[in-house]
Amino acid sequence: MPWTREQMAARAAKELRDGFYVNLGIGIPTLVSNFIPKGMRVQLQSENGMLGMGPFPFEGEEDPDLINAGKQTITELPTTSYFSSADSFGMIRGGHIDLSILGAMQVAQNGDLANWMIPGKMVKGMGGAMDLVAGVKRVVVVMEHVAKAKDGSEDPKLLKECNLPLTGTGVVDLVITDLGVFSIDKKGGSGMTLIELADGVTVEEIKAKTAAEFKVDLNGRQSNAA
Amino acid sequence: MDKVYSDARSALAGLVKDGMTIMAGGFGLCGIPEALIEAIRDSGAKDLTFISNNAGVDGVGLGRLLETRQIRKMISSYVGENKLFAQQYLSGELELEFNPQGTLAERIRAGGAGIPAFYTKTGVGTLIAEGKEVREFNGEKYVMETGLFADISVVHAWKGDTEGNLVYRKTARNFNPMMATASRMTIAEVEHLVPAGEIDPDCMHTPGIFVKRMVHVPNPAKHIEQRTTRKRTESAVPAGAGEEV
Chain A
997 MPWTREQMAA
1007 RAAKELRDGF
1017 YVNLGIGIPT
1027 LVSNFIPKGM
1037 RVQLQSENGM
1047 LGMGPFPFEG
1057 EEDPDLINAG
1067 KQTITELPTT
1077 SYFSSADSFG
1087 MIRGGHIDLS
1097 ILGAMQVAQN
1107 GDLANWMIPG
1117 KMVKGMGGAM
1127 DLVAGVKRVV
1137 VVMEHVAKAK
1147 DGSEDPKLLK
1157 ECNLPLTGTG
1167 VVDLVITDLG
1177 VFSIDKKGGS
1187 GMTLIELADG
1197 VTVEEIKAKT
1207 AAEFKVDLNG
1217 RQSNAA
Chain B
2 MDKVYSDARS
12 ALAGLVKDGM
22 TIMAGGFGLC
32 GIPEALIEAI
42 RDSGAKDLTF
52 ISNNAGVDGV
62 GLGRLLETRQ
72 IRKMISSYVG
82 ENKLFAQQYL
92 SGELELEFNP
102 QGTLAERIRA
112 GGAGIPAFYT
122 KTGVGTLIAE
132 GKEVREFNGE
142 KYVMETGLFA
152 DISVVHAWKG
162 DTEGNLVYRK
172 TARNFNPMMA
182 TASRMTIAEV
192 EHLVPAGEID
202 PDCMHTPGIF
212 VKRMVHVPNP
222 AKHIEQRTTR
232 KRTESAVPAG
242 AGEEV
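Each protein sequence line maps, in turn, to chains A and B. So the number in my numbering is just where the residue sits in the first sequence, counting from 1, plus 996. So the number in my numbering is just where the residue sits in the second sequence, counting from 1, plus 1.
In short, the hints are calculated from the structure, not lab data. Think of the CB as a built atom: it goes at the ideal place given N, C-alpha and C, for glycine as much as any other residue. Hints are not guaranteed to be accurate.
What the hints assert, rightly or not - These stretches of chain B come out as covered by chain A in the derived footprint (C-beta under 8 Å, 3 or more residues): (1) 26–36; (2) 176–184.
Said to hold, decoys possible - From the derived model, a few chain B residues whose C-beta atoms are all more than 10 Å from chain A: (3) Q71; (4) Y79; (5) S92; (6) P219.
What the hints assert, rightly or not - Ranges of calculated distance between the beta carbons of each label pair, as one might list FRET restraints: (7) B:P221 x A:G1090: 53 to 63 Å; (8) B:P202 x A:S1077: 12 to 22 Å; (9) B:L128 x A:K1156: 39 to 49 Å.
Isolated chain A, as found in the complex (with noise of 0.2 Å):
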């Protein structure tokens, strides 16, 4: 079976680790806060200015000028602290952020990230996509293995060159889908590897799933997320 959303989510709080510094993106990425280990300290910055995220706020207590980078209505916990957004991507971009968790809509062999930009689509802006993968020391993608389109057909997102637009070039460092987990050598070229499978799910699905060419080392075990 492949995974759900929630055992993605909860397969990427496994990156997470103590008193680390951690962005996270829209939709699967938001869910990794509902799994970071009892005990575990981690900060959450908002790329709007805030680090130490707290959880939403109870009805009625919504403040206008307390929200997230996706301008939902937060709150802020003992540890928090408010800055400029120059601030904030001083730290995204001097690599003081330990690790960013997003979506995509492509990923290549070699690190390269598509995710903004759809031509001939109205196009709304890369945000801060651009300089969370230029800047956060490392960059974890979670997301569908394959698109689906409404007629049923699905197309490979783990290319062996995106085809859309960049938003980064050899910036991620694994990529988490429905379907299994792949790590990139961004730095060293040495390309990509399967390293987990979904429960259920074969190196063969997979192969016959993904444009992109990968190794396979899965230290004889597969993995269980949740």
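Fit chain B to the known structure of chain A by using the hints.
Frame of chain A, contents of chain B only:
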């Protein structure tokens, strides 16, 4: 010289001319100088270039200036919340320059600090780097980006004193402090106006030297784009939403 004007319209009187470049603070609708934006609308000036992270939403913030077709060009990082924007952009009426959000913030910071250009690794190898100088430092590639400086900046602060010293509140700070530094004429709207000496000098975010004019806007209507709450019985996990991808 008194920096405090009686209202937004008089603070802007005679300043806004056709074709000017204006910076407007805020992230989404959080921390936008709404009263000053309305006054720019009332000025009737046309062909304006706005530097602002977003373009408001339909009917609020810069969305109001799209209604009157006063904006010719936007320099922004994300404009997704606005139907009128899409319409005018797709019909060719509105020019759009996308900047990565951190590059935009730094271009404004640099412009205000007298730095004409800088190198960043953001956007190397992407459309953003096309036509720009790329240079290698310590074996890594960086793209050159230029500083931004405007004719007018309009910013929103929580508190200000009569000297123009400003304090922002929570995430309503965002682009406001850099924009306050990066224009010939910075005008601040403040929710609380206090006499000089009332704000602890150790706790000021924007020193008054950057602020030329001020207007007191008590109890402004504030907008929430994505009202998100939890039930009192739900566990208190952090609300970890970030990039809009």
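We went through each hint and held it up to the structure:
Closer than 8 Å: that is the beta-carbon criterion, and the region 26–36 of chain B has 5 residues meeting it against chain A, so the requirement of 3 holds. Here the region 176–184 of chain B counts 4 residues with a CB under 8 Å from a CB of chain A, which clears the bar of 3, and the coverage holds. Non-interface call for Q71 (chain B) relative to chain A: holds, since the shortest CB-CB distance, roughly 21 Å, exceeds 10 Å. Look at Y79 (chain B): its CB is around 4 Å from the nearest CB on chain A, not clear of 10 Å, so calling it non-interface is violated.
Every beta carbon of chain A lies more than 10 Å from that of S92 (chain B), the smallest distance being close to 12 Å; the non-interface claim holds. For P219 (chain B), the requirement that its beta carbon stay farther than 10 Å from each beta carbon of chain A is met, with the minimum near 15 Å. Between P221 (chain B) and G1090 (chain A) the beta carbons are some 34 Å apart, a value that contradicts the proposed interval 53 to 63 Å. The hint said 12 to 22 Å for the Cβ distance between P202 (chain B) and S1077 (chain A), and at roughly 20 Å that hint holds.
Between L128 (chain B) and K1156 (chain A) the Cβ separation comes to about 20 Å, which falls outside the hinted range of 39 to 49 Å.
The structure does not agree with the numbered hints 4, 7 and 9 stated previously, though it agrees with the rest.
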